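Engineer: Sequences and hints are given; from them, build the entire structure.
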Amino acid sequence: AGWARAGGGSGDGRNATEVDISDASQAVTLEVIHEALFSERLDVIDGERNAVALARSFREFNVANQDLLNDFLTLYQRFETPERARRDTHRRHLRAHFDERADARRAAIARDGGAAAPRDLLTALLTTRDPATGAALTRDDVNLTLTEMMVAGHDTTAATVACMMCLLASHPEVRASVAGEVDEFRRNNGGRLPSSVADANALVKLDDAMKETMRLYPAVLIVVRKAEEGTGGVFTKGPGTEVRIPEGSGMWVSPYVLDRLARHWGGDEEDVKRFRPSRFEEAREHGDSLDAYMPFGGGPRVCLGSRFAMLEGKVLAAHILADWDVELAAETRDAIARNDGELPIAYAAGLMSFPEPLRLRVRRRGAASGP
445 AGWARAGGGS GDGRNATEVD ISDASQAVTL EVIHEALFSE RLDVIDGERN
495 AVALARSFRE FNVANQDLLN DFLTLYQRFE TPERARRDTH RRHLRAHFDE
545 RADARRAAIA RDGGAAAPRD LLTALLTTRD PATGAALTRD DVNLTLTEMM
595 VAGHDTTAAT VACMMCLLAS HPEVRASVAG EVDEFRRNNG GRLPSSVADA
645 NALVKLDDAM KETMRLYPAV LIVVRKAEEG TGGVFTKGPG TEVRIPEGSG
695 MWVSPYVLDR LARHWGGDEE DVKRFRPSRF EEAREHGDSL DAYMPFGGGP
745 RVCLGSRFAM LEGKVLAAHI LADWDVELAA ETRDAIARND GELPIAYAAG
795 LMSFPEPLRL RVRRRGAASG P
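Quick note: the sequence shown, position 335, residue 779 per our numbering, numbers continuous.
Treat the hints as calculated values from the structure; they're not laboratory data. Owing to the predicted nature of the structure, the values given are computational and were not obtained by experimental measurement. Don't be surprised by glycine CBs; every beta carbon is placed ideally from N, CA and C. It is possible that some hints are incorrect.
Claimed, not checked - Straight line, CA to CA, 16 Å or less: simulated EDC-like cross-link-like pairs of lysine to aspartate or glutamate:
hint : residue 1 : residue 2
1    : Lys649    : Glu625
2    : Lys717    : Asp784
3    : Lys649    : Glu726
To be verified - So the derived label-pair ranges between C-beta atoms look like this:
hint : residue 1 : residue 2 : range
4    : Asp584    : Val746    : 37 to 47 Å
5    : Asp543    : Val746    : 39 to 49 Å
6    : Arg745    : Pro683    : 30 to 40 Å
7    : Pro575    : Pro683    : 24 to 34 Å
8    : Pro690    : Arg555    : 45 to 55 Å
9    : Gly694    : Asp543    : 27 to 37 Å
10   : Ala642    : Asp732    : 22 to 32 Å
11   : Ile553    : Glu686    : 46 to 56 Å
Structural biologist: Following this line, the structure appears as structure tokens:
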């Protein structure tokens, strides 16, 4: 019920209640990733002051962050702007939060070699050594990795879960199929819900629904790469279509655009616009490579937190679907209709944002119908 309270609902489930799923998923995923990183609860759902301040700082940092574009917008680097000042303020807040915990953990590891340190992601980062040199990660390396893990495990996962729950709410047949898979898992595992990588991997329909959500609504609008030495060249898709990419060139790839091109998904211009998770099952059966599908980027610089983000998103969605019926609230249903059937999302600094709440009506499964 905590996720429902976080979204503004009563959370008791006896009657239908409206929640802002975008806010609820933000709160829950921040709690989850912070505990996974630091073995420390924030209690953000219950409104503890420091937790709310951190959540606000992290969200504002993401909205104001232009780092994704800095290599290309050189004028932006030279001038102070309100957005850059706001980003830097929140970055300092987050860095202090991360450094305080990392310094305390380093001291604890130094005292006993890490014997009593929590087995979390922070300990893993601080005890990792370069196999060739034996060097530890620098303070900056640790901070940057923690920030990326927070982005993957909080903001982007929250956006994906919010979109997926809205899509499932508007496609009852898919929702019933995915919820049925979760129910079956529960029956076969003594009533418990998924909590591990192996558990999440067993939920194939849920996995397909999450992948289809990210195909239509990737949390990151643009993947930025630079053609380094030895990687420049000529790319072609047929006679007269050569594109030269000199070494050192910056390249932007948009998963949002790429995965809405029908030629990558069977050629049907109408089907590619639809929320149809079964397309991934079909791709597996046909042995399709799905090279164009890259919501987390690709190659050696694929998002570090991609696997954690998938695990967290599927576990959260499974817990919601196991106990709650969801449907679109009138406000969001109308917003989708005004938006030609698309969810009312936007992108700020390359990350998904929500100009208006994504509201759902939720009721505990099996509860008597209420108002």
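Engineer: Each hint: holds or not?
Structural biologist: Hints and how they fare:
no., hint, result
1, Lys649 / Glu625, "7 Å, holds"
2, Lys717 / Asp784, "11 Å, holds"
3, Lys649 / Glu726, "12 Å, holds"
4, Asp584 / Val746: 37 to 47 Å, "21 Å, violated"
5, Asp543 / Val746: 39 to 49 Å, "27 Å, violated"
6, Arg745 / Pro683: 30 to 40 Å, "32 Å, holds"
7, Pro575 / Pro683: 24 to 34 Å, "47 Å, violated"
8, Pro690 / Arg555: 45 to 55 Å, "53 Å, holds"
9, Gly694 / Asp543: 27 to 37 Å, "31 Å, holds"
10, Ala642 / Asp732: 22 to 32 Å, "25 Å, holds"
11, Ile553 / Glu686: 46 to 56 Å, "54 Å, holds"
Comparing the model with each numbered hint stated earlier shows that hints 4, 5 and 7 do not hold.
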